[in-house]
Amino acid sequence: MTAKKRVKVIMAKPGLDGHDRGAKLLARVFAEAGMEVVYTGLRQTPEMIVDAALQEDADVVGLSSLSGVHNYFFPRVVELLKEKGLDDVLVVGGGIIPEEDVAGLKKAGVAAIFGPGTRTDDIIKFIEDNVSRS
Amino acid sequence: MDDLVAQVLQGSVRAMARLITLIENEDPRSLQIMAAIYPHTGNAYVLGITGSPGTGKSTLTDKITTLLREREETVGVVAVDPSSPFTGGALLGDRIRMQRSSGDAEVFIRSMATRGNLGGLARTTADVVKIMDAFGKDWVIVETVGVGQDEVEIAKTADSTVVVLAPGLGDSIQSMKAGVMEIADLFVVNKADRAGADELVNEVNVRVKQDAQIRKAAWEPLVVKTIALENAGTNLLMEAIDKHRVFLRQSGKLGKNRREKTRQETLGLLRDEISRNVLEKVLGNGRFDALIDDIVAHKKDPYTSVQEIVDGIFGDK
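For the protein sequence lines, the chains are A and B, in the order given. Note that the working numbering has the first sequence beginning at 1, numbered continuously upward. Note that the working numbering has the second sequence beginning at 1, numbered continuously upward.
Everything labelled a hint here was simulated from the structure, so no lab data went into it. Errors might be hidden in some of the hints.
Straight-line distance between alpha carbons at most 25 Å, and here's what the computed SDA-like set of lysine to any residue pairs gives [as the list claims (entries may be wrong)]: (1) A:K125 - B:N25; (2) A:K5 - B:K225; (3) A:K24 - B:R115; (4) A:K82 - B:L4; (5) A:K5 - B:A166; (6) A:K24 - A:G109; (7) A:K84 - B:G88; (8) A:K5 - B:D242; (9) A:K84 - B:I96; (10) A:K24 - B:G93; (11) A:K84 - B:S84; (12) A:K5 - B:D3; (13) A:K24 - B:P53; (14) A:K125 - B:T21; (15) A:K5 - B:T87; (16) A:K24 - B:G116; (17) A:K5 - A:I123; (18) A:K5 - B:E239; (19) A:K82 - B:F86; (20) A:K125 - B:G93; (21) A:K5 - B:P82; (22) A:K5 - B:R18; (23) A:K5 - B:S275; (24) A:K5 - B:E280; (25) A:K84 - B:A212; (26) A:K84 - B:P82; (27) A:K84 - B:R14; (28) A:K82 - B:Q99; (29) A:K125 - B:R115; (30) A:K125 - B:G88; (31) A:K5 - B:T66; (32) A:K5 - B:D289; (33) A:K24 - B:F86; (34) A:K5 - B:S12.
Computed Cβ-Cβ distance ranges for the label pairs, DEER-style [said to hold, decoys possible]: (35) A:N71 - B:R259: 41 to 49 Å; (36) B:E239 - A:G115: 34 to 42 Å; (37) A:D88 - B:H40: 24 to 32 Å.
Reference listing, derived: stretches of chain B covered by chain A, where coverage requires no fewer than 3 residues with Cβ under 8 Å from a Cβ of chain A [unchecked claim]: (38) 19 to 27; (39) 93 to 100.
Predicted model only: the values in this text are computed from it and were never measured. All residues carry an ideal CB built from backbone N, CA and C; glycine is no exception.
Generate coordinates for the entire structure from the input sequences, incorporating the hints supplied.
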């Protein structure tokens, strides 16, 4: 009878690029995996994304970027989350991210970067293994 | 947990978000939490927005929120979307249409999945409304899942219920039917720039007039035309909502309606509590399975057996 805890994901596209096919597909993939996914849509500022994470009490923030703005936006989201005391939110990213940027993003607090061709099962498993909330 | 409640009452957004999660998950401490929240409720005006999928509920919610913010009133929004009956997951998409309101510190938007509840809301939506109320929001807007004809739970939660319609979804018989059409305090015909909008307005007006002939009511639902995306008619909608609110206050119906809602809610809680207690006792001792064997073997019948169990627990009436 009692509802069990479900993983809550914010799926967001920061910046101005309009390529949301991947983000939408993943939103559906996560929902199919039993998660509750809040899809915030295109052209999100880091502030909007973090506000959504705060109000929705999200476990995970998924960021998608295909326009090369990841080096600014992804770390900025992590930083703002920390400012609001949301340190335990798992931040993952995907899209077109050059290999040489991955280490820097991880250092900035992005837990994982999933490039094109990543199996969706692997992404789900990563989230399930790394989501920190009780 | 007392900490969290105290923080909510002091205005912590973070604490409110966390507390809502506990309630959504039907945490064992839920009753205690809500007991601590309840004394601080009763100040927010609760507005329900319901209607079929795609009629523009979220966009209208965004516009109403903006208008309320212009009046410097604070707003909580609960946006409900369906859970998958197969996977339990959910895609909550109402926030997309609420971009203008998100980013405003005085607006708190929470998406909720139905988690198997029928009726247009989640089981715990009414409690989430109470938390936002206790937090101090002036208004709480509840947007239901896209409803068909029979999902009318919102009317048990909201002070005013807005039923959103859009042209192109059926003939005049649809507007004569029971269910959702009966719970409207206000009708909105949204997407009024589309073909068939005026006909729909007429049909709804006919229904409203029919209702007035069938049974006398002090309030006759208003019908408002909007094009939410272009922000056309939204001021008129806000005026209509205010009119209904003033009517409820002045006629004393607000208090009466809320009393009836409290009665229903308390009855519901009582029912849950009784059935949990009784089921614990009945299923706890293992005799239930033996009884089922007897019933299957036709040595006993289920009707008498149930009566015996209940008499055994409560004694003679």
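Status of the hints after comparison with the structure:
{"no.": "1", "hint": "A:K125 - B:N25", "result": "holds (22 Å)"}
{"no.": "2", "hint": "A:K5 - B:K225", "result": "violated (41 Å)"}
{"no.": "3", "hint": "A:K24 - B:R115", "result": "holds (21 Å)"}
{"no.": "4", "hint": "A:K82 - B:L4", "result": "holds (20 Å)"}
{"no.": "5", "hint": "A:K5 - B:A166", "result": "violated (36 Å)"}
{"no.": "6", "hint": "A:K24 - A:G109", "result": "holds (24 Å)"}
{"no.": "7", "hint": "A:K84 - B:G88", "result": "violated (30 Å)"}
{"no.": "8", "hint": "A:K5 - B:D242", "result": "violated (38 Å)"}
{"no.": "9", "hint": "A:K84 - B:I96", "result": "holds (22 Å)"}
{"no.": "10", "hint": "A:K24 - B:G93", "result": "holds (11 Å)"}
{"no.": "11", "hint": "A:K84 - B:S84", "result": "violated (32 Å)"}
{"no.": "12", "hint": "A:K5 - B:D3", "result": "holds (21 Å)"}
{"no.": "13", "hint": "A:K24 - B:P53", "result": "holds (19 Å)"}
{"no.": "14", "hint": "A:K125 - B:T21", "result": "holds (23 Å)"}
{"no.": "15", "hint": "A:K5 - B:T87", "result": "holds (14 Å)"}
{"no.": "16", "hint": "A:K24 - B:G116", "result": "holds (23 Å)"}
{"no.": "17", "hint": "A:K5 - A:I123", "result": "holds (20 Å)"}
{"no.": "18", "hint": "A:K5 - B:E239", "result": "violated (41 Å)"}
{"no.": "19", "hint": "A:K82 - B:F86", "result": "violated (35 Å)"}
{"no.": "20", "hint": "A:K125 - B:G93", "result": "holds (24 Å)"}
{"no.": "21", "hint": "A:K5 - B:P82", "result": "holds (16 Å)"}
{"no.": "22", "hint": "A:K5 - B:R18", "result": "holds (12 Å)"}
{"no.": "23", "hint": "A:K5 - B:S275", "result": "holds (23 Å)"}
{"no.": "24", "hint": "A:K5 - B:E280", "result": "holds (23 Å)"}
{"no.": "25", "hint": "A:K84 - B:A212", "result": "violated (53 Å)"}
{"no.": "26", "hint": "A:K84 - B:P82", "result": "violated (29 Å)"}
{"no.": "27", "hint": "A:K84 - B:R14", "result": "holds (8 Å)"}
{"no.": "28", "hint": "A:K82 - B:Q99", "result": "holds (23 Å)"}
{"no.": "29", "hint": "A:K125 - B:R115", "result": "holds (23 Å)"}
{"no.": "30", "hint": "A:K125 - B:G88", "result": "holds (17 Å)"}
{"no.": "31", "hint": "A:K5 - B:T66", "result": "violated (33 Å)"}
{"no.": "32", "hint": "A:K5 - B:D289", "result": "violated (31 Å)"}
{"no.": "33", "hint": "A:K24 - B:F86", "result": "holds (20 Å)"}
{"no.": "34", "hint": "A:K5 - B:S12", "result": "holds (22 Å)"}
{"no.": "35", "hint": "A:N71 - B:R259: 41 to 49 Å", "result": "violated (58 Å)"}
{"no.": "36", "hint": "B:E239 - A:G115: 34 to 42 Å", "result": "violated (52 Å)"}
{"no.": "37", "hint": "A:D88 - B:H40: 24 to 32 Å", "result": "holds (28 Å)"}
{"no.": "38", "hint": "19 to 27", "result": "holds (count 5)"}
{"no.": "39", "hint": "93 to 100", "result": "holds (count 4)"}
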